[in-house]
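Novice: Sequence:
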Amino acid sequence: MFHLSMPLFWRVCLINGAVFLLGTLALALSPATVSAQPLLSELVVLLLGLTVIVLVNGALLRAVLRPLDRLTTVMARIDLRYPGLRLDEAGSGPARELVRGFNAMLERLEVERSTSTTRALQAQEAERQRIAQELHDEVGQSLTAVLLGLRYFMDTAPEPVRAELDALRDTTRTSLEEVRRISQRLRPGDLTDLGLVSALAGLARDTSARNGPHVRRRLPSSVPDLPPETELVIYRVVQEALTNVVRHARATTVDLDLSLSDDALVLRVADNGVGIRAGAMGAGIQGMLERARMVGGDLSVRSHGGGGGTEVRLRLPVPAPVLGRAGS
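Numbering (full-length UniProt numbering), first residue to last: 1 to 328.
Hints are computed from structural coordinates only; laboratory data are not their basis.
Every residue, glycine too, gets a C-beta built ideally from N, C-alpha and C.
Careful, some of the hints might be misleading.
Okay, the calculated beta carbon distance ranges per label pair [claimed, not checked]: (1) ARG277 with GLY58: 40 to 50 Å; (2) TYR152 with ARG218: 40 to 50 Å; (3) ALA90 with ASP225: 36 to 46 Å; (4) GLN122 with LEU65: 37 to 47 Å; (5) ASP257 with SER114: 27 to 37 Å.
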């Protein structure tokens, strides 16, 4: 194990020294001689010997430094948003310790990024809950009080003023509905009160009702008992996917499918819009990817192009005991 723990600098020096020593011994023990004025044949022998030394030295150094070339290539491809890329330690030769250290560093970075992302998303959800509660308790109640006051004054106001108060009441009622809608998006009460399937159906109805594309949903009557974090991830992925469709896709129809395979729950949101650019990674898509990884899921976003639209697919592994309870 000594050669594995030796610094790379000393390995290179050792290889060069060994090659030069062997070359010197070969010249010293060979019958070749060099005249005071070297002959052409002697120069040819010296040139051949030098060529052999250089080639052997290059081959040995190449074996040591090749993993560094692979390391440089991998470093250029590293993207912590797509974890799992590693160098092969088995084929690294003398640079195995360097490769092992690099892989360990990547592992730590991915774990730290995953942990920090999870904390950030949890903090985001907590902040959404707080804002939604304040909208409901303060802004919502204030607007409700305004509506009641307008109704009282309309009963006693003269006819010309009553028409203006009626218009103001309509504006206030619209604002109250908008506040309630924003509060619902921030804190999906349907998810807690009615369950995942009903909450997804509500998202689909709301999207179609707001002059959005027609959402064709194929949802099961029930799903296995899932952790609240997993249900929230599914809800947020559908919410973000439908929001992207409304804002960017220029689609007329969207398919929302949720199905249970042998070992996984598969969610699919596909539209017939303009698609997305290759390699596009906005904050919305990145957020969906991070949420999926939080619960061990696998999310992909594919664009069919040419009017074929975009497909968001989320696959979440479901433990066998949960599947057993769902089937019983």
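Novice: Indicate, hint by hint, whether the structure satisfies it.
Specialist: Now for the hints, and whether the structure bears them out:
1. ARG277 with GLY58: 40 to 50 Å: holds (45 Å)
2. TYR152 with ARG218: 40 to 50 Å: The hinted range 40 to 50 Å holds for TYR152 and ARG218, with Cβ atoms some 49 Å apart.
3. ALA90 with ASP225: 36 to 46 Å: holds (43 Å)
4. GLN122 with LEU65: 37 to 47 Å: Once the Cβ atoms are compared, 45 Å apart, the range 37 to 47 Å for LEU65 and GLN122 holds.
5. ASP257 with SER114: 27 to 37 Å: Given about 28 Å between the Cβ atoms, the range holds.
This entry satisfies every hint, going by the numbered hints stated previously.
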